[in-house]
Each structure stands twice: as structure tokens, then as C-alpha cells.
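Participant: For reference, the chains in residue letters:
There are 2 protein chains.
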Amino acid sequence: MRLIICGMGVVGQSFIKLLINSSDSLYKKYGIRPRVVACIDSNGMAFSQTGLDLEKLLSVKEKFRTVAKYSDEKPNFENYIENIDAEVFLELTPTNLISGEPGLSNIISALRTQKNVITVNKGPLALSFPSLMELSEYNNVMLRFSGTVGGGTPVLEFAKHCLKGDKITSFIGILNGTTNYILTKMSEGLTFEDALKVAKMKGYAEANVSLDVNGDDAAAKLVIMANWIMGYKVTIKDVYKRGITDIKLEDINEALKKRKYIKLIAMCDNRNLSVQPSIVSKDDPICVNGTLNAVTFKSEHSGDQTIIGKGAGGMETASSILRDLIEIKENFSMP
Amino acid sequence: MRLIICGMGVVGQSFIKLLINSSDSLYKKYGIRPRVVACIDSNGMAFSQTGLDLEKLLSVKEKFRTVAKYSDEKPNFENYIENIDAEVFLELTPTNLISGEPGLSNIISALRTQKNVITVNKGPLALSFPSLMELSEYNNVMLRFSGTVGGGTPVLEFAKHCLKGDKITSFIGILNGTTNYILTKMSEGLTFEDALKVAKMKGYAEANVSLDVNGDDAAAKLVIMANWIMGYKVTIKDVYKRGITDIKLEDINEALKKRKYIKLIAMCDNRNLSVQPSIVSKDDPICVNGTLNAVTFKSEHSGDQTIIGKGAGGMETASSILRDLIEIKENFSMP
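Line by line, the protein sequences give chains W and P. Sequential numbering of the first sequence, starting at 9, is according to my numbering. Sequential numbering of the second sequence, starting at 9, is according to my numbering.
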């Protein structure tokens, strides 16, 4: 199974480590022998038709901050997605919710040349889920994206595989760990500004924190869930969205008096999609604190089910890529 | 797909209702056309080689409290499990943790005559999981039991299907709703005796509540999880077990002062199995109240994941039987 990996940030590097550590069990248990034939970061590419040396790849990346130094030859970078033979393309570039680029074009190129795609990049899916899914079906390959929602927590798999014969009728979720952390700190008495500072200090908020606090990140995840789980054909434009920037300490304290919390809740109910601050009872299983994510699915016969986990993390998200890879392998037969 | 249903309590009747309501979607989506050829309760049997009329079966059961009045002829009851042709045997008799009977003998008879078995009866599995699983493998049929843990909440499916490529290293859970309700009421100030009374009044505690409060029910579920998820070969004798009968209000209040709760926690860690009252932080996702169940799985790469849901209920448990039925269908091909 030949892979092209595009994007070598924390998730990409964690995935390489995971491949190194799991190579034995992957082959024994699932018959997968992954070969990374190309690896691309913002500065260049490492390429080997027979498979890159993953240990070397990691150490080159660490030492020179780019995989381009993997060898002295400069591989042909032009139209590399189309021109390199591979079964799976991994799109791990940063999320861009305005244009979806470069992820969107990458995914389209890969699908058009009959490559299965695994992405942890929410941008392309938030903007174009229905058409990308159609493109993958047309080309008879798979598009998978477990890591886009819940990090390593298998939220999408749970909804898709664990409730067979039943029907999910609606769901609500806390889908963004950064805002949940900020709101938790505010419930402990910090102002929004101070809570944000602590979140940044702890590494829970990235440089571009506005995507989190405006509700964009949660809205992108909501769109992915609504398409995949409910079969809707929607994009991020269809989400009513309000962030947490105007939440005051007084609002939070007022809620606390009634044993309630204010949470940034994403909801999919009766074809309405929304992300907005909402009041949640302390006793509701969805009322998790800190950076945790939580989703409650309401189903026709089996009741309400909540799944809770860390919504981010390099190794956690890398483990979701591995799950997608196994699913692709189980659907096709590749050595 | 021909079914024999043994046991027509709340779960059995809910399952019949579910079959009636889902017959269209079951056929369209999964190609399943279930025919209930025999249905047995403690007073007799209804039988039809071409399939019972399910609406009639339900109304007969309701009117006469037994399915034996389904027709005037008395079908041959002797060795019915061996003698009736069917693809799936449903064991829905009450749990007996001392001898496992009558469920244990029923399951053995069914497996020996190459019938797939779905059970919601914990007794046979708690006492003989490893040997029953061996028997099913030897006879090349499936033994499934999703409803034994978590009611309708797909705890076993989650662990088995949602974390591919990863490895669950340990788990803890609140596996018994009755004791969780009692402990919740005690944290609100009621004594054990009063909390038990309320639980009985609300229908959360059955006649034989000692199985709940002694920890036996949770231990049975723990055994099922340890065998199925971790691959251990254990029975209920291998569980260290302490119930909640000696928990005092003072203990609970002492914990509350530190923002902690006392919960009946089942744990599987490093081959040790235990069920005992334990102190849990309010902020831990597993710290659910009322009749809820919760399980936290610790995995090697994807972190901790908690799944929460109602641990009981007729229709909820019936939905888990349907899931098992679909899984069996997907593994064999039956019209």
C-alpha cells in the first residue's frame, strides 16, 4: 500500500512514528504493509518509489525542519499528486475555512487520479463535502476523514458503525476543545481575556484562535457530521453560528447559580444546524470540562448515547488516520 | 432468516414490536426478512414453520399472559431447540448467576445444532464465556450478546469496532444503573434503605435487587467485557467483588466535601478484575448520575474515551438484539 503524505506538522510526524511502531501488528492483523513513497512539506519533497526510510525521514525533518533534505536529488515536484503512483493520499495541511486551499485542490487531484484520500483537514470538507464525496464515488475510491472530528475519539465511526438497524434522529456536541477550556476557566472566575491567555500558555489555543472562538471550527465539524452521519448535503454556509467572544462572566455566574454551565454547543436537529453558546445542566453527560469534546446522539430505539474524549492531540489524531487506512484496506485489496 | 425466541418478557415483546416496525427497512437496508418460527415463554410455545403472525403473537401474549394460546394445537415442545429448523436462537430468559439455567442449556443446545445465538442473558456468559465461545467457533456459528452490557448503548461494539489499529489497555465502568441510582439518591441525602425504596418505586430495582447491590450484575458484565474486548478467558469467579450495602451516608458526604462521588466501579486493568465502591472526581466523564451507565476505555494511542448511555430498557435492549441480528446476517448469507 503506497502512501503520499502531504503535510508534516505534528499530526504528520506522529503518524510516521505510529507507522514505525505499528508496522508488525499492521501486517499481522490487517495485512497492511504501508510504503510512504512521497512526503511533502512547505519546503519541498522526499521521494522514493520503493518507500522512504521512515526513521531517516523523521530525523531529517527534525534536524532541517524540512523533508526536502532527505536526499541530494531534487525530485520532480510538478503535479506530483497526479504523477506519483500511490493507493492513498494523506492530506494533512492546515485547515483553511475561507478557500479550503491548498487542501481542496490536493484532494481533488488525488481523487481524480483514483487515489483514496485520508484527510484531517476540515477546510475542504466544510466547504465542499457533497461534491468531494461525489467525486470520490465517481472515481470509485474512498474519502475518509475520521481525524477531522474528535481528534482520536472515534465519533464518526461510532455513529456510522455502532447503531446499525437504528436511526440517529439528532445530535448535539461540544466540538471545540479550545473554547471549552476557555469557558471552563471562566466558570472558575477568569475573564474571557485571561482565560484565553491561559489557553495560549498551555498550548490549547493556536495562533489563529479566532476560528475557535468565533465558532468556525465547531461549525466545520458540524458540517462534516451532518453530511456523513445524517446524509445531508450541506456546507459551512448552512450553519447558524455565534461564537463565545461576547459571553460575560456575569452570564456564566448566573448559570452557575442554577447548577448550569454555558457551553459552545453544536446542534443538528430537524435539518437545522447551529453553533452557539447554550445553557447545559451539570448533570447532562455532555457537560464536560477542560479541553474535552463530547457528542450526544439521539436515536430512535436505543436512546441517547454520549461519547467523550480528547478532541485533539498529534498521536491521537494520527491513530484516527490509521483507522481510516485500515478501513480503506478492508474495502480494497492492497499489499 | 428463521428465528426461535425463548423468553417473552419486556425485552422479548419489545423486540417483536421492533421487528414489526422495522420490517421494511430491515429488508431494504440489510436484506433481512426475519421469520419467527417459534416463540416460547414459561407457559408454552407458539409455532409456525412459515413464520408466526407477530401482531397476533403480541396480542395473544398480552391477553392471555402466554404465547401458548396462539393456536389450539399444542406444538411438540420436547427438545424444541434441536428439533426446530432455524438460523438464529434468541435466549431472552432471566439472568441466573448461580447455575446459568435455563439459559446455559438452551444456548448449548442451540450452538450444538448449528444455530447462531443472540442472548441478553448474562448468566451463561458470566459462568462459561470461554467454553461457550469455543463451542460456537467449533460449530461455525456466531454467539452475540450486545444487550448484556449497557442495554441499548453499544459499549461492546464501540470497543470492538471503533478503535481499529489501536489497543485498549484497560477500562473502568459504572455498569449497573440500579446501584448508580441508589448512590445518586444517597448523595442527595437519602439513606441506603430509603434510596432503595425510591428505586423500587420508580421501577429501577427488580424483585431480586441483591444481584445489583452486591455487585453481581456489574461483575457479570465485567466478565463479558474482559473476555470479548481484552481476550481474557475468565468467569465471574475471577472478579474481586464488593457491593454497596455497607456504604454509609457519612462516607458519601465526606467525599462530596472534596467534590467527589462514591460510585460502584468495575475495573479491568492489568488482568485484574474488580467491582467495588470507589471515589470518583466530579470532573471525570465517568461520573454520571441516576440510572446512567458509563465506561472509559484507555487505549494505547487514541487516549481515553468514555461512552455513556442508559444501561437498560426494553426497547433499548431490543435494539441491541437487532444489531446482533444484522451482524450475523452480514457474516452469513440468509434470506
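Bear in mind the hints are in silico, worked out from the structure with no lab data behind them. From a predicted model like this one, the values you see are computed outputs, not experimental measurements. Among the hints, erroneous ones may be present.
Which copy is meant is left open, because identical chains are indistinguishable; a pair holds if it fits in one copy or across any two.
[What the hints assert, rightly or not] Straight line, CA to CA, 20 angstroms or less: simulated PhoX-like cross-link-like pairs of lysine-lysine: (1) K37 <-> K172; (2) K265 <-> K205; (3) K266 <-> K245; (4) K266 <-> K290; (5) K265 <-> K245; (6) K175 <-> K25; (7) K168 <-> K36; (8) K208 <-> K266; (9) K306 <-> K172; (10) K37 <-> K168; (11) K82 <-> K64; (12) K82 <-> K208; (13) K208 <-> K71; (14) K25 <-> K77; (15) K268 <-> K172; (16) K77 <-> K64; (17) K71 <-> K25; (18) K36 <-> K71; (19) K290 <-> K71; (20) K82 <-> K256; (21) K265 <-> K82.
Participant: The structure should be examined with respect to each hint, and the outcome stated for every one.
Facilitator: So, going through the hints one by one against the coordinates:
Taking identical chains as interchangeable, the C-alpha atoms of K37 and K172 lie at most 20 angstroms apart only when they sit on different chains, with a minimum of 10 angstroms there against 25 angstroms within one chain. Proximity of K265 to K205 under the C-alpha cut-off of 20 angstroms is found in neither arrangement, the shortest distances being 26 angstroms within a copy and 31 angstroms between copies. Proximity of K266 and K245 under a CA criterion of 20 angstroms is satisfied in neither setting, with 35 angstroms inside one chain copy and 46 angstroms between copies. When the C-alpha separation of K266 and K290 is checked against a cutoff of 20 angstroms, the pair qualifies both within a copy, at 9 angstroms, and between copies, at 17 angstroms.
In this assembly of identical chains, K265 and K245 lie within 20 angstroms of each other by CA distance neither inside one copy nor across copies; the values are 36 angstroms within and 47 angstroms between. Proximity of K175 and K25 under a CA criterion of 20 angstroms is satisfied inter-copy only: 16 angstroms between copies versus 38 angstroms inside one chain copy. When the C-alpha separation of K168 and K36 is checked against a cutoff of 20 angstroms, the pair qualifies only between copies, where the shortest distance is 17 angstroms, while the shortest distance within a copy is 26 angstroms. Taking the shortest Cα distances, K208 and K266 never come within 20 angstroms of each other, neither inside one copy (30 angstroms) nor across copies (29 angstroms).
Taking the shortest alpha-carbon separations for K306 and K172, only the intra-copy value of 14 angstroms comes in at or below 20 angstroms, while the best inter-copy value is 25 angstroms. Taking identical chains as interchangeable, the C-alpha atoms of K37 and K168 lie at most 20 angstroms apart only when they sit on different chains, with a minimum of 14 angstroms there against 23 angstroms within one chain. For the identical chains of this complex, K82 and K64 are intra-copy neighbours only, at 17 angstroms inside a copy versus 76 angstroms across copies, given an alpha-carbon limit of 20 angstroms. Within a single copy, K82 and K208 get their C-alpha atoms no closer than 38 angstroms, and across copies no closer than 75 angstroms, so neither meets the 20 angstroms cut-off.
Taking CA atoms no more than 20 angstroms apart as the test, K208 paired with K71 passes in neither setting, with 26 angstroms inside one copy and 66 angstroms between copies. In this homomeric assembly, K25 and K77 come within 20 angstroms of each other (Cα to Cα) only inside a single copy, at 19 angstroms, whereas the closest approach across copies is 65 angstroms. Taking the shortest alpha-carbon separations for K268 and K172, neither the intra-copy value of 34 angstroms nor the inter-copy value of 36 angstroms comes in at or below 20 angstroms. In this assembly of identical chains, the alpha carbons of K77 and K64 lie at most 20 angstroms apart only when taken from the same copy (10 angstroms versus 75 angstroms across copies).
Within a single copy, K71 and K25 get their C-alpha atoms as close as 16 angstroms, which meets the 20 angstroms cut-off; across copies the closest is 64 angstroms, which misses it. Taking the closest pair of Cα atoms, K36 and K71 never come within 20 angstroms of each other, the shortest separation being 33 angstroms inside a single copy and 56 angstroms across copies. With identical chains, the CA atoms of K290 and K71 are never at most 20 angstroms apart, being 48 angstroms at best within one copy and 44 angstroms at best between copies. When the C-alpha separation of K82 and K256 is checked against a cutoff of 20 angstroms, the pair qualifies neither within a copy, at 54 angstroms, nor between copies, at 73 angstroms.
Proximity of K265 and K82 under a CA criterion of 20 angstroms is satisfied in neither setting, with 64 angstroms inside one chain copy and 65 angstroms between copies.
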